[in-house]
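**Q** Protein sequence lines, in the order shown, are assigned to chains A and B.
The opening residue of the first sequence carries number 3 in our numbering; numbering runs sequentially from there.
The opening residue of the second sequence carries number 4 in our numbering; numbering runs sequentially from there.
Treat the hints as calculated values from the structure; they're not laboratory data.
Predicted, not measured: the structure shown is a model, and the values here were computed from it.
In this text, a Cβ means the ideal position worked out from N, Cα and C, and glycines have one as well.
Worth double-checking, as some hints may not be accurate.
Quick list of simulated restraints, FRET-style, between CB atoms [what the hints assert, rightly or not]: (1) A:155 <-> B:361: 50 to 56 Å; (2) A:152 <-> B:513: 37 to 43 Å; (3) B:233 <-> A:14: 19 to 25 Å; (4) A:57 <-> B:171: 35 to 41 Å; (5) B:327 <-> A:64: 31 to 37 Å; (6) B:378 <-> A:115: 34 to 40 Å; (7) A:47 <-> B:176: 34 to 40 Å; (8) A:143 <-> B:327: 52 to 58 Å; (9) A:57 <-> B:164: 27 to 33 Å; (10) A:165 <-> B:70: 24 to 30 Å.
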Amino acid sequence: MVQMPHKHQNQPTGTPDERVARHLKKGASLLAVLHAIQDEAGYIPADLIAPLAQAMSLSRAEVHGVITYYHHFRSEPPARVTVQLCRAEACRSMGTETLAAHIEGHTGCKFDSGHQVDTELETVYCLGQCALSPAMTINGELHARVTPQKFERLYEAARVHASAEDLV
Amino acid sequence: MTRIYVPCDSSALALGADRVALAVAAEAQKRGIEVEVVRNGSRGMLWLEPLVEVETAEGRIGYSNVDDDDVAALFDADLANGGAHEKRLGVVDTLPWLAKQQRLTFARIGITDPLSTDDYVKHGGLEGLRKALETDGDAACEALLESGLRGRGGAAFPAGIKWRTVRAALAPQKYIVCNADEGDSGTFSDRLVMESDPYMLIEGMIIAGIVTRATKGYIYVRSEYPHAIATLNRAIDKARDAGWLGASVLGSDKAFELEVAKGAGSYVCGEETALLESLEGKRGVVRAKPPVPALVGLFGQPTVINNVITLATVPIIFAKGAAFYRDFGMGRSRGTLPFQIAGNVKQGGLVELAFGVTLRELIYEYGGGTASGRPARAAQVGGPLGTYLPESQWDIPMDYEAYAAVGAVVGHGGIVIHDDTSNLADLAQYAMHFCAVESCGKCTPCRIGSTRGVEVIAKIRAGDTSPKQVTLLRDLCDTMVSGSLCAMGGMTPYPVLSALDHFPEDFGLSKKPSQKAA
Chain A
3 MVQMPHKHQN QPTGTPDERV ARHLKKGASL LAVLHAIQDE AGYIPADLIA
53 PLAQAMSLSR AEVHGVITYY HHFRSEPPAR VTVQLCRAEA CRSMGTETLA
103 AHIEGHTGCK FDSGHQVDTE LETVYCLGQC ALSPAMTING ELHARVTPQK
153 FERLYEAARV HASAEDLV
Chain B
4 MTRIYVPCDS SALALGADRV ALAVAAEAQK RGIEVEVVRN GSRGMLWLEP
54 LVEVETAEGR IGYSNVDDDD VAALFDADLA NGGAHEKRLG VVDTLPWLAK
104 QQRLTFARIG ITDPLSTDDY VKHGGLEGLR KALETDGDAA CEALLESGLR
154 GRGGAAFPAG IKWRTVRAAL APQKYIVCNA DEGDSGTFSD RLVMESDPYM
204 LIEGMIIAGI VTRATKGYIY VRSEYPHAIA TLNRAIDKAR DAGWLGASVL
254 GSDKAFELEV AKGAGSYVCG EETALLESLE GKRGVVRAKP PVPALVGLFG
304 QPTVINNVIT LATVPIIFAK GAAFYRDFGM GRSRGTLPFQ IAGNVKQGGL
354 VELAFGVTLR ELIYEYGGGT ASGRPARAAQ VGGPLGTYLP ESQWDIPMDY
404 EAYAAVGAVV GHGGIVIHDD TSNLADLAQY AMHFCAVESC GKCTPCRIGS
454 TRGVEVIAKI RAGDTSPKQV TLLRDLCDTM VSGSLCAMGG MTPYPVLSAL
504 DHFPEDFGLS KKPSQKAA
């Protein structure tokens, strides 16, 4: 999930048909095309579904089904700061649930409840850092052995960084 | 010119290795010391990351847990010549944690630059492929069978049988698919291969292609592994430039092409048929078997689908011979398994050893006990669908059959350790919750059973410990085990029932044996 360009990407230009055409590559699967769209726009805009379905000879239901089946694809633009915290077994053994409560308290947001103000908290299951738990990403950047203090430092830095990008 | 190694795998990066590499280069320049910074893979001693090494006449000297703030002080202590410092570990190759291992698959890991084709060949790379090109395909399948290599993704199916089936199948196009959807908590050996020694996976897949007459391969990597995806893509490009991939593999008349496909955050896509659906661009819904993918796989064509470690182990088997590999291990579990020591553990990382080692050895001799310093209480082996083993089972040898005899699974050798503050009822409820979140929804026992499971466990934990509830939970688990289409629903009861059997007190139940057996 990490490489998602976060906000920050320029708003994609062109009509929905043009935007779909840009990402269609010969032999590419629907997943690959959806990744390309989301990598550019940060999410899968609803107005691309119909042209995408038509271009790939699929029904809109099939495209919608794929988008909503996979946790990675989003139908809304991402928040300025997205925190993904691993809540799987290895991280649980190292107190990720306590950390999750701390993160909710510090940010004033709830996990898996969508956008709140400028932050979104997401549960993920395993970032592959199970020997260095708990693990998380903030705006795509991976961090291991996260403590409440480390979280606060990284989170505040990410917010400052996101604000600075807004001014550009 | 002094060579200084700073790992580039994602564990090291997650602890600031990029900043360390920059600081090393900057500090060396400031002091006028000529340094080449090599971004090597990880040695698998993850608790020591970022582990910086410097090449000296004595060998490569390691410095552990280096932060960018430490770099100036390290140079003050003559880092470039392996000088003394509190973070100095000595010669890395001789550290007992590493030296005691039997690294066959992971022989090169951390030593080489993952993207250097020269490094790869210098350290034994391509020997297996060259042998495979000279070997008759039927004989190659027999050799793989003789090596005893079984699917390292967890199912432990003999790789040679799969390959033989695909080789014998007649079809216009066959495929090699690598399952790199390593979604199980407590596992990272696939990731380490992809990030730290990607060419051995590529080599293994080319061998599979040549032996089974498949000319196209896909590596399906989970989207949570962007670093692995990036490394693989670069490695594939370089392998193509080097003539390892393409229309003429190493100048032979054999062709093989390879590409990376990115998953999208679905645990069940680690199940082979769901993975194939996903690779075809569809929802990752499990297919009924038979037909097996070896006959009707990707796009309906015969397909070898193997896990990363299985394919990455193929080159050494071909390079050194089936007997060499087979002579490690015990019983019907031949060769080595890269154990992954994870969770609440002091010295977490990758320990490759022959089958037969015990959990106790792994937890204490390698793991050094818990990170919290409290007594270890339970270990979950084989991922979220594996059982929780209480201390009384920690002396069983790691062997597929010995584990199966007590209802446990070795799986891919992932081990998550929990200390005495853990609550196994909570973990059991979590197991059901995870199944509810990640179920593909195709079969009822998994889709509905998991949600009912969460509810029943919650009721028991809330104080309704009547035999009725416990019977209900066991009955539900029985339905899931017997009635689910794949391991997602079929094995979620493993952690649940093992928690209930071995740690009933966490559910508010008494430890009386009468409540055990169903």
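**Q** Now tell me if each hint is right for this structure.
**A** Now for the hints, and whether the structure bears them out:
1. Checked against the given bound of 50 to 56 Å, the beta carbons of residue 155 of chain A and residue 361 of chain B, roughly 41 Å apart, lie outside it.
2. About 41 Å separates the C-beta atoms of residue 152 of chain A and residue 513 of chain B, a value consistent with the hinted range of 37 to 43 Å.
3. For residue 233 of chain B and residue 14 of chain A, the hinted distance range of 19 to 25 Å is satisfied, since their beta carbons lie about 23 Å from each other.
4. Hint check: residue 57 of chain A to residue 171 of chain B, Cβ distance near 39 Å, so the stated range 35 to 41 Å holds.
5. Taken as a hint, the range 31 to 37 Å is violated for the pair residue 327 of chain B and residue 64 of chain A, whose Cβ atoms sit roughly 49 Å apart.
6. Judged by the Cβ atoms, the range 34 to 40 Å given for residue 378 of chain B and residue 115 of chain A holds: they are separated by roughly 37 Å.
7. Between residue 47 of chain A and residue 176 of chain B the Cβ separation comes to about 35 Å, which falls inside the hinted range of 34 to 40 Å.
8. The hint said 52 to 58 Å for the Cβ distance between residue 143 of chain A and residue 327 of chain B, and at roughly 42 Å that hint is violated.
9. Taking 27 to 33 Å as the suggested C-beta distance range, the pair residue 57 of chain A and residue 164 of chain B does not conform, at roughly 41 Å.
10. Between residue 165 of chain A and residue 70 of chain B the Cβ separation comes to about 27 Å, which falls inside the hinted range of 24 to 30 Å.
Checked against the numbered hints above, the structure violates hints 1, 5, 8, 9; every other hint is satisfied.
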